[in-house]
Structure formats: C-alpha cells, structure tokens
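Number of protein chains: 4
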Amino acid sequence: MNTIGHNFRLTTFGESHGTAIGGVIDGCPSQWKLDFDFIEAELLRRRTGQSPTSSQRKEPDSIEWLSGLLDGVTLGTPIAFIVRNEDARPDNYEALKDVYRPSHADFTYEKKYGLRDWRGGGRASARTTLPVVVAGAIAKQILRGQGIQVLAKVTEMGDVEQARKEGDTVGGIVECIITRVPAGWGEPMFGKFSAELAHAMFSLPAVKGFEVGDGFALAKMKGSEANDAFIINDGKITTLTNHSGGIQGGITNGNVVVFRVAFKPIPSIAQPQQTVNRGGEPCEITIEGRHDVCALPRALVLVEALAAMVTVDMCFLR
Amino acid sequence: MNTIGHNFRLTTFGESHGTAIGGVIDGCPSQWKLDFDFIEAELLRRRTGQSPTSSQRKEPDSIEWLSGLLDGVTLGTPIAFIVRNEDARPDNYEALKDVYRPSHADFTYEKKYGLRDWRGGGRASARTTLPVVVAGAIAKQILRGQGIQVLAKVTEMGDVEQARKEGDTVGGIVECIITRVPAGWGEPMFGKFSAELAHAMFSLPAVKGFEVGDGFALAKMKGSEANDAFIINDGKITTLTNHSGGIQGGITNGNVVVFRVAFKPIPSIAQPQQTVNRGGEPCEITIEGRHDVCALPRALVLVEALAAMVTVDMCFLR
Amino acid sequence: MNTIGHNFRLTTFGESHGTAIGGVIDGCPSQWKLDFDFIEAELLRRRTGQSPTSSQRKEPDSIEWLSGLLDGVTLGTPIAFIVRNEDARPDNYEALKDVYRPSHADFTYEKKYGLRDWRGGGRASARTTLPVVVAGAIAKQILRGQGIQVLAKVTEMGDVEQARKEGDTVGGIVECIITRVPAGWGEPMFGKFSAELAHAMFSLPAVKGFEVGDGFALAKMKGSEANDAFIINDGKITTLTNHSGGIQGGITNGNVVVFRVAFKPIPSIAQPQQTVNRGGEPCEITIEGRHDVCALPRALVLVEALAAMVTVDMCFLR
Amino acid sequence: MNTIGHNFRLTTFGESHGTAIGGVIDGCPSQWKLDFDFIEAELLRRRTGQSPTSSQRKEPDSIEWLSGLLDGVTLGTPIAFIVRNEDARPDNYEALKDVYRPSHADFTYEKKYGLRDWRGGGRASARTTLPVVVAGAIAKQILRGQGIQVLAKVTEMGDVEQARKEGDTVGGIVECIITRVPAGWGEPMFGKFSAELAHAMFSLPAVKGFEVGDGFALAKMKGSEANDAFIINDGKITTLTNHSGGIQGGITNGNVVVFRVAFKPIPSIAQPQQTVNRGGEPCEITIEGRHDVCALPRALVLVEALAAMVTVDMCFLR
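First to last, the sequence lines map onto chains C, Z, G and A.
Each residue of the first sequence is one higher than the one before, starting from 1 at the first, in the numbering used here.
Each residue of the second sequence is one higher than the one before, starting from 1 at the first, in the numbering used here.
Each residue of the third sequence is one higher than the one before, starting from 1 at the first, in the numbering used here.
Each residue of the fourth sequence is one higher than the one before, starting from 1 at the first, in the numbering used here.
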C-alpha cells in the first residue's frame with residue numbers, strides 16, 4: 001500500500017504537516033559508501049525546480065539518517081530516514097478544513113478513510129514524494145556502478161508567465177531515458193519493465209499519462225513503419241530504430257529505454273472555483289497564498305528517481 | 001512474476017505451442033455460482049475479434065476446470081483451469097527458430113533466459129492472454145453483483161483494408177470505462193487505482209501507452225480548464241466535468257473511471273524485413289502464413305478483463 | 001494464500017476429488033534439464049510411504065507437464081503440472097457430507113467458506129500435498145548443483161501394529177538435515193531461515209510442532225551448555241557443537257541445518273467417535289474403509305521437499 | 001525482509017546503537033483513537049521484564065510518533081514511529097569488534113553482509129524488537145474491539161538465582177492463548193493460522209521451538225486420544241477437548257488458540273568462552289558488564305504482540 005518494489009523496496013510515510021515524512025529502503029546491498037553529497041544535490045534539484053513564487057516552505061530538507069549505516073557505509077539492513085516538517089503552518093489551511101478543493105485528493109481521501117489530514121494536502125501532498133528522491137538517489141548510485149544513467153527533461157510545458165498573471169497553472173510532459181540497460185531485464189508476464197515503470201510513474205501526483213518509445217504515436221503507424229529492424233553495430237545486436245523504446249515483450253533489448261509522462265496542471269489555482277463543502281453544500285473556494293505555477297521542473301528528479309528504483313529492482317529480480 | 005493482484009490474484013502459465021495454457025485464480029469469494037455461458041461468450045469475443053484471414057488456430061478454446069468448484073459453485077479455494085493447445089503446429093515456425101523477428105520478443109527472451117520457445121511466440125504469444133479473459137469474466141460477475149460495469153471500445157484504428165493489401169498491419173487506441181465504482185477505492189501511495197490499471201494494461205502485448213481521463217491532453221491545459229468542479233447532483237457529490245477520469249489522488253471519486261490504451265501494430269507483417277539471426281549475422285525475414293492485420297477488436301475483451309480484475313482487487317483491499 | 005516462496009514460488013490448487021490437483025512453479029532458472037526420473041522416484045517415495053492397508057487410491061500419480069519446458073529443458077517461464085484424480089470415488093464419502101469428522105478440517109472450512117468440498121477432505125486432503133513433492137524434487141535438483149542435500153528420517157513413531165489392531169492411528173517426529181548450506185543465507189528480521197522453515201512445515205497437514213537444533217531441550221539448558229563455541233576446522237570457521245541447528249540470528253552459520261517436525265496422529269480412526277452434524281445435532285461417526293495408521297513414512301518426502309524449496313528461495317533472495 | 005504481515009503490516013528498522021529504531025505500520029484502520037497509555041504500559045512490561053542486574057540501558061523508551069495520526073486518531077495512512085538510542089555507548093563494545101560471540105549473530109551477519117554493526121548486536125540486538133511491541137499494542141486494541149484477548153505466561157524457566165551466581169543464563173518456555181477468535185480465520189494452504197504464528201514467533205531472537213495445542217506431545221498419542229470430539233455447548237458447536245489448540249486444517253475452530261514457544265538461554269554469559277576472531281584465529285572471550293540472566297519475562301509481551309498482529313492480519317485477509 002505504501003511500499004514499492006520487490007527485491008529493492010521503499011516504504012514511505014508521512015503527511016505534509018505531520019511531525020515528519022520519511023522512508024525505509026529495504027534490499028539495498030551492503031558495503032556501499034553512500035554519496036551523501038549526491039543525495040543532497042538531488043533534493044536540491046527537487047527544491048530548485050520550484051518557481052520563485054512557490055508556496056513551498058523555506059526550511060532546508062535536512063535528512064536524519066536513522067538506521068542501516070555504519071560510518072556512512074550500508075549494512076544491508078533497512079535504511080530509514082526522516083525529514084521533519086519544521087515549518088509546518090497548519091493555520092494557513094484552516095479555511096480548507098471543511099471544503100473539497102477541486103481536482104485535489106481531499107474528497108477521495110475522506111471517502112476512503114472517513115477523515116483526512118486537511119493540513120496542506122496531508123498524505124496526498126507533493127511533499128510526500130521527498131522520500132522517493134532519497135531512494136532514487138541511492139538507486140542511481142547502484143546503477144552508476146554498472147554504467148547505467150537515468151536522465152529526464154521537460155519536452156512540453158504550458159506558458160508559465162501567461163498563467164502566473166492569470167492566477168492559473170500549467171502542466172506538461174517529461175521524457176526520460178535510461179541508458180546502457182543490458183538486454184534481458186524485466187519479467188515476461190505481469191512484471192514487464194514497461195508495466196513496472198508505468199506503475200511507478202502513476203504513483204506520482206498529477207500524472208495522467210505514460211507511454212514507452214513512440215507510445216500513442218505507434219497507434220497511428222503501420223507495422224512496417226513501427227517495427228525496429230535488428231542490425232549489427234560494433235559487433236553487437238541492436239535495432240536500427242527505437243520505436244519500441246528499448247523494451248520488447250516487456251523485456252529490455254539493450255537499446256536506450258525511453259518513456260514519457262504527462263502531468264496535469266497543479267490543481268491549486270488562485271482563481272475562485274465552484275465546489276462543495278463537507279456538509280454537502282455548494283460553495284466557492286479561492287485558494288490563498290502564493291502558488292507554484294508548474295510542477296514540472298520539480299518532477300524531473302522524481303521521474304528519474306522512480307525510474308532508477310524500478311531499474312535496480314528489475315536488476316535484482318534476475 | 002507471472003502473478004497479478006493482491007487479494008484477488010491470477011497466476012498464468014503456458015506457451016503458445018506447449019501442452020496447455022491456463023491460470024490459477026486465488027481469492028475468489030466462495031459460494032458464487034459461476035456463469036459459464038458468460039465466460040464462454042467472453043472467450044468468443046476474443047476469438048471473433050479476429051479478422052477473417054487470421055493466422056489464429058481454429059480449434060475452440062474449450063476450458064477444462066480443474067479445481068475450486070463444486071457443482072459449478074466456487075469453494076473459495078484456487079480456481080485452476082487450462083486450455084489445451086491441440087492444434088499446435090510448431091513445424092510452421094521451424095524457419096523462425098534461428099532468427100529474431102523485428103519488434104517481437106524473440107531477442108529479449110533469449111537474452112533473458114538464454115533460450116526461448118521459438119514455436120509461435122512461446123510465452124510471449126498473444127495466446128497466453130487467454131487466461132486473463134477467464135479471470136476477467138469472473139471478476140466481471142463479482143462486479144455485476146455491485147452494479148459495476150466495464151466497457152471498452154475502439155476509438156482509433158488504422159485502415160485495415162489498405163494495410164491488408166500491402167501485407168501490413170495497423171494499431172489503434174482502446175478506450176475503457178468502469179461505471180458506478182464507489183468513491184474511495186484505490187490505495188494512496190503505491191497502489192493508486194490509476195497505477196494498478198497502468199500496470200495491468202502494460203501487461204498486454206503491444207501496449208505502448210496509457211492515459212487516465214483526459215491524459216496527455218491535460219498536459220496542454222491550464223489548471224482552470226483541467227480542474228473538475230464539485231457539484232451536487234441528485235443529492236450526491238459528484239464533479240461537473242470528468243477530466244480526471246474518475247480518479248483523484250489515486251482514489252476513485254465516484255465518477256466514471258475512464259482510461260485509454262495505445263496498441264502498436266502487430267509486428268508480424270507479410271513484407272520482407274531486415275533482421276539478424278542467432279549467429280549474429282544480418283539476414284532478411286519474411287513471416288509466412290496468413291496474418292492478423294489488427295489486434296484491436298480482440299484487445300477489447302482483454303482490456304475489460306484486466307480492468308475488472310483490478311477493480312475487484314481494489315475492492316477487496318479496502 | 002495458496003502460494004509459498006518469494007523468488008522461487010509454488011502455487012498449488014486442487015481438491016482431493018476434483019478434476020485434478022497441480023501446481024505452478026515460478027522462478028525456476030532456465031536451461032535446466034529436469035530429471036524426470038528423480039521426480040517420479042520422489043512421488044513413489046510418497047506413495048510407498050503408505051502402509052499396505054492404506055486407504056489411498058491405487059492409480060499411479062502420472063504428471064502431465066503443461067508449460068515451462070521445451071524438450072525437457074526449463075524455459076524460465078512458469079512450470080505448470082497437474083495430476084488427475086482419475087480414481088475419485090466421491091460416493092464413499094456421501095455419508096460424511098453432513099457430519100464433521102473430529103480433528104479434521106471439515107468444520108473449519110465450512111465456517112470459513114460457508115461450504116466445503118466434502119469429498120475425501122477436499123482441499124484439506126493430504127493428497128493436495130502432491131504438488132509440493134514435485135516442486136521439492138525440482139528444488140533438490142537445483143541444490144544438488146551446489147552440493148546441498150536435504151535428508152529426513154523418522155525419529156519417533158507410535159506402535160503401528162498395536163494401533164492397527166485397535167482401529168487407531170499414531171503420530172511421530174521427523175528430523176531433517178540440510179547439509180552444506182553456506183553461511184549467510186536467510187533474512188535477518190522477518191525472513192529468518194528458521195522462520196521460513198517453520199512456516200513451510202506448518203503448511204503440512206497434521207504438523208503441530210517444530211524445533212530447530214536442540215529446540216525445546218534448549219529451554220532447559222544453561223547458556224554455558226547451549227552455546228556453540230566457534231572453532232577452526234580444516235582452516236574454516238565452524239562450531240564445536242551444533243545446539244543452534246546451523247542457524248544463528250536467523251541466518252545459516254555454515255554448519256548442518258537440523259530441525260524436527262511433530263506430527264499428530266491421522267484423525268481418521270476406525271473407532272466410533274462423538275461429533276456433531278451440520279444441523280447442529282450431536283451424533284456418532286464411524287469412518288468406514290481401510291485407513292492409514294501412520295502418515296510419517298509419507299511425510300518424509302514432504303518435509304524434505306519444503307525444506308529444499310525454502311533453501312532455494314533463501315538462496316535466490318541473496 | 002524486514003516486513004511482516006499481508007494486509008496489516010509492520011516494517012521495522014534500526015540497529016541497537018544506531019541513531020534510532022522504529023517501525024512503520026501499514027494497513028491500520030482509520031478513525032481509531034490510539035490508546036497511548038496502553039502502548040506505554042506495554043513498553044514498560046517489556047522493560048520491567050528485565051532482571052534488576054540487567055545490562056539494558058536506563059533511558060525511558062520514549063516514542064516519537066511521526067505520521068499517520070491527527071489528534072491521536074489514525075488516518076489510515078502509515079503510522080511511523082521511532083525511539084532514539086540516546087544512551088548508546090558503543091565504546092563498551094569495542095572489545096567485541098573483531099571477535100565472534102558464541103551463539104550470537106555476529107558471525108552469520110558478517111558472512112551475509114560482509115560487515116556488521118558490532119555495537120551491541122546491531123540489527124540482531126533484542127532492542128530491535130521494540131517496534132514489535134508498539135505494533136502489537138495497536139493490534140491488541142483492534143482485537144479488543146472484537147472481544148479477543150491475547151495472554152502469554154512463562155510455563156517453564158531455569159533457576160535464575162543459581163545461574164546468576166555462576167555468571168550463566170537460562171531459557172524457558174512461554175505459553176500463549178488467544179481467546180474468542182471466531183471460527184474460520186486462517187488461510188488453508190500456505191497461510192495457515194498456525195504457520196503464520198510459527199513464522200512470527202521464529203522472528204524473535206532466541207526462539208528455537210514452537211508448538212500448537214498439545215504439540216510435540218501429540219506425536220506420542222494415538223488418534224483416539226488426540227482427536228477433539230465436537231460437542232454442542234450453549235447451543236454452539238465447540239470441541240470437548242482442545243488438543244488441536246483451536247486450529248484444524250490451519251483454520252481456527254472457535255476454541256481458544258493455544259501455542260508454546262521455546263527460548264534458548266541468552267548467549268551472553270559472564271564465563272570465558274572459546275571462540276574465533278575475524279582474522280580466523282582461536283581465542284577466548286569474556287563478555288564484560290552486567291548481564292540479563294533470562295529473557296523470558298521480557299519475551300511475554302513480544303509473544304503476545306506478534307500473536308495479536310497475526311490475528312489482526314488473518315482477520316483482515318478474510
């Protein structure tokens with residue numbers, strides 16, 4: 001429920017304005033010297049992805065490492081870590097306690113659990129993805145040892161300036177590649193590399209679409225256009241084109257893994273919106289405070305993190 | 001690896017030209033009278049989805065029920081079933097034994113396992129999805145008891161006639177809705193309803209894209225356009241629009257669940273193609289026999305089946 | 001629910017008098033030439049473990065291999081197999097349909113599922129352990145490649161002759177050793193080698209006790225008596241004594257793994273017994289037919305099979 | 001690996017002398033007001049179980065609740081908590097850094113991971129069971145709502161006074177009952193109630209034996225003695241005797257669940273012992289400091305905690 005992965009696993013916990021958020025990484029190999037600078041840099045990428053007018057809190061996200069390490073070296077036991085929510089100001093959210101913000105998870109959480117932590121999105125807050133960045137940074141280190149790299153970039157994004165003026169927000173598309181994955185990773189039936197990636201990406205808030213290789217564009221092609229001819233390159237079998245995005249039959253073919261993730265716009269807009277309150281009465285809501293206009297720059301490191309975690313997991317399943 | 005689901009689970013097995021394919025359904029409630037006619041009808045939908053010139057085998061897919069039933073009523077124990085591959089003609093495939101068909105799983109399976117069942121696609125054959133139809137038909141019956149329906153249709157497809165003449169194939173898009181799912185189903189972090197659907201759909205051969213609600217189109221919208229205002233309808237909270245596709249924060253909001261799946265064209269085309277053989281030498285391949293031009297009609301029942309299975313699983317996780 | 005193992009997994013299905021019983025083995029390495037003679041021999045050990053006056057059916061247990069194999073070599077895909085219940089004579093059991101046999105699972109299954117397959121014990125029948133023997137035989141082959149052996153023997157058993165005369169049954173104790181397991185296998189906290197063995201053994205019908213090393217006897221010892229001193233033997237670290245049974249902190253120490261399993265007597269006795277029927281009325285029951293007096297000889301191969309499966313699973317988890 | 005349970009799950013982390021130990025409870029129902037006094041009382045039971053001359057640290061185990069709660073009420077999201085290791089004095093253990101304590105997990109951890117946290121037992125320390133007490137206390141609250149109680153007592157224990165004088169330690173046996181479990185809980189094949197209990201108990205350090213009902217004594221009985229006759233009592237079906245310990249065919253029969261757990265003596269004794277150091281040379285070790293003579297009083301709350309967790313998990317699996 002709050003755990004992802006099979007042999008390389010992350011369990012996360014925490015609400016946006018609770019005491020702390022954090023994670024437990026299980027299955028990390030022992031005797032690795034963790035690159036803490038890299039982990040901090042990844043967390044910084046997540047923060048600097050924010051727009052200058054972001055509503056995000058200003059304290060640094062300082063990680064407390066709780067277990068699984070001896071002198072910075074992994075013990076093979078679970079690595080637990082937390083980040084405290086020191087700057088939590090739940091008062092800001094008091095006004096939202098009894099009203100459902102449109103296209104947020106307020107209503108669905110309350111339906112599921114009978115109550116919700118209304119302070120800043122609670123468990124559904126974007127803040128709860130922070131542990132994913134930490135686990136992803138560790139996964140990247142493991143992959144780096146095998147020469148594998150994960151790189152995401154924004155390939156499509158709405159006009160931020162125009163949207164900001166209107167108190168509006170924009171979405172966009174992130175493309176990610178995983179280079180040098182050996183052929184043969186991924187499980188054939190219900191643990192396909194592509195299926196595990198899809199599952200991981202849809203764990204991110206605001207994700208509404210996912211495609212591998214040429215994805216939806218393949219639906220318009222003919223077989224003769226879509227097929228990737230095998231060729232010999234430098235004595236190695238590879239494909240002339242990469243419409244398949246490096247995955248065939250759910251298993252990597254040695255070519256670059258390519259996928260794209262569609263993010264809807266952030267639902268917190270400064271404009272008044274029609275909604276309903278907990279009492280079941282129609283009302284209008286205007287979400288106060290400064291808002292992020294676009295989550296995409298911040299999403300890059302998250303997409304990479306999950307892609308790295310899935311890749312390590314697939315590696316360990318072989 | 002070959003199991004999907006948590007509390008309602010399907011394990012599948014079988015190669016296209018092995019002795020049999022089949023599945024084991026675990027977690028099916030007891031005391032259900034199975035509607036065998038409906039299961040047969042669903043299997044027929046899978047078959048009649050085939051084009052007249054299909055390469056598919058002609059024997060009926062007659063199910064042998066092995067366990068879990070007493071006088072057609074479920075015992076609560078695992079329901080196992082098989083369908084024999086009676087008309088298997090592996091000789092047809094002898095020519096393909098040592099060559100990798102482009103955009104098939106021949107190469108990736110061999111890289112993963114060191115060998116592959118070269119007879120008709122082996123484990124990667126579309127035939128191995130048959131058990132999914134059976135489990136899906138049972139899941140639909142369970143959902144029917146709750147008034148929930150799952151319906152898929154083809155919304156985009158290439159020109160089949162034109163492609164057939166050229167020995168080519170086409171792909172397309174399937175849209176699926178799940179009606180009357182109560183609000184509150186789905187897990188919040190790593191078992192989101194959308195993530196489980198994505199994972200399930202990418203288990204199908206040829207799937208290369210998946211989107212929920214307005215999906216990729218949301219990436220181009222502004223927040224003010226994409227948000228679904230809450231309204232009261234017939235005394236019940238619902239949303240005015242359904243850009244979110246019935247899922248917010250990974251949890252159903254009571255509106256219709258809507259998603260789309262992109263299928264690439266069938267990779268078996270009648271035209272000569274460039275490839276490489278197992279000895280690592282470039283060669284040309286022409287796949288003999290009659291071919292399906294489009295897998296989409298057949299895919300409808302598979303998309304529905306997996307959607308139904310995921311929905312039951314989410315229901316049982318609550 | 002009906003699956004055991006993590007990376008080497010068995011799912012079983014089938015009722016005693018249904019169409020067939022069987023299993024699906026997932027996670028078996030590819031490119032193994034299965035030793036079918038050995039598997040048959042193991043199944044024979046299970047049968048010849050029966051007393052001459054056994055109630056067991058007389059047909060050979062002929063396995064149909066359904067998937068996962070090409071010319072007898074494992075493909076890495078799920079290996080499914082079934083054994084048909086050809087000689088099923090449910091009429092024999094008609095008298096037991098409405099009455100709960102003491103210390104059988106009749107009552108508990110009915111309470112759990114609302115109905116039960118009353119024909120010969122249904123899913124709770126000893127017959128349903130047959131798939132375990134098959135999976136265990138394959139696990140043993142994998143271990144054999146690493147020089148690891150699993151050997152069980154009966155160390156305590158009631159007097160069979162005396163019991164037979166009285167229409168009674170006896171239980172006993174099986175001791176099992178696993179030789180040459182390398183040090184370092186087993187997970188530290190909730191996947192201890194000992195815990196996985198305990199779980200597996202309690203999956204067998206009639207098992208009521210399990211101990212590792214000196215087990216319950218250790219409860220009466222002092223630390224100075226119970227501790228295993230480390231010594232050097234042939235240049236290798238080992239222990240002078242093996243009170244721990246080869247497992248310390250849940251992880252193998254390189255010494256022989258030793259454990260014992262207590263089996264209660266078979267509950268089907270020829271004497272009249274007090275019980276209750278489905279209508280909730282007290283009644284007397286006499287179980288007709290010839291009975292096994294002791295299940296222990298038959299249990300040997302089952303204990304070995306599960307021990308082998310756990311050992312392979314622990315090996316694959318590293 | 002460090003997670004136990006299916007639908008009610010605990011993940012634990014932490015080394016004895018790391019920064020903190022803790023746990024994440026997933027699957028706890030929402031809208032429960034946690035009884036913190038009870039949780040503290042259970043932790044106190046764990047501590048006061050210690051002998052007056054205990055080596056245990058003196059700081060109170062004060063829990064920091066990190067997530068999953070709003071005003072003391074469960075949100076349905078993961079409940080994470082930590083206890084800091086404030087009084088950690090790793091210097092005390094410097095002498096043990098390079099030597100393997102007999103019958104401890106020093107050697108096996110090092111073989112598994114290539115290194116170990118030598119400070120006070122690291123991950124294998126008894127201290128790491130603290131999170132189990134917390135999760136168990138929450139599980140007990142859930143069971144209390146159904147009228148179910150879990151009660152353990154020491155039924156056999158060595159002579160503590162005599163052992164203390166000799167710098168020795170003793171083991172013993174804990175018996176536990178679970179009252180008022182409804183009939184029908186437990187999974188039939190590989191998730192038997194008894195198997196899940198066995199697995200859970202063997203997760204505790206020093207456990208070497210487990211039996212249900214009359215356990216090993218059943219091995220010496222005849223069927224006519226061991227069978228539990230069904231009777232009607234107060235209009236309800238129950239059994240006249242309870243040799244089976246409330247579990248038949250792996251499923252509860254409504255009678256009291258009874259099981260016993262054998263603990264070996266604590267391996268840390270004050271006497272000099274023969275061992276080997278990390279360099280592979282024989283040496284003698286004397287473990288300094290004050291020692292616990294017997295872990296049993298402390299074990300009571302742990303046995304109860306795990307039994308409660310298993311019972312809740314079986315309840316949620318139905």
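These are calculated hints, taken from the structure and not from any lab test.
Keep in mind that a hint or two might mislead.
Because identical chains cannot be distinguished in the list, a pair is counted as satisfied if it fits within a single copy or across any two copies.
Unchecked claim - Straight line, CA to CA, 25 Å or less: simulated DSS-like cross-link-like pairs of lysine-lysine:
| hint | residue 1 | residue 2 |
| --- | --- | --- |
| 1 | Lys236 | Lys222 |
| 2 | Lys165 | Lys220 |
| 3 | Lys33 | Lys220 |
| 4 | Lys236 | Lys165 |
| 5 | Lys111 | Lys97 |
| 6 | Lys222 | Lys33 |
| 7 | Lys220 | Lys97 |
| 8 | Lys111 | Lys220 |
| 9 | Lys97 | Lys236 |
| 10 | Lys165 | Lys33 |
| 11 | Lys220 | Lys236 |
Bear in mind the structure is a predicted one, so any value in this text is a computation, not a measurement.
Taking the hints in turn, this is what the structure says about them:
1. Lys236 - Lys222: Result: close neither inside a copy nor across copies, 27 Å intra and 46 Å inter.
2. Lys165 - Lys220: between (38 Å within a copy, 17 Å between copies)
3. Lys33 - Lys220: Classified as neither: same-chain Cα gap 48 Å, cross-chain 43 Å, threshold 25 Å.
4. Lys236 - Lys165: neither (53 Å within a copy, 35 Å between copies)
5. Lys111 - Lys97: within (15 Å within a copy, 45 Å between copies)
6. Lys222 - Lys33: For Lys222 and Lys33, the Cα distance exceeds 25 Å both inside one copy (49 Å) and across copies (41 Å).
7. Lys220 - Lys97: So Lys220 and Lys97 fail the 25 Å test inside a copy (47 Å) and across (30 Å) alike.
8. Lys111 - Lys220: neither (40 Å within a copy, 30 Å between copies)
9. Lys97 - Lys236: Intra 60 Å, inter 20 Å, cutoff 25 Å: inter-copy only.
10. Lys165 - Lys33: neither (47 Å within a copy, 45 Å between copies)
11. Lys220 - Lys236: neither (31 Å within a copy, 40 Å between copies)
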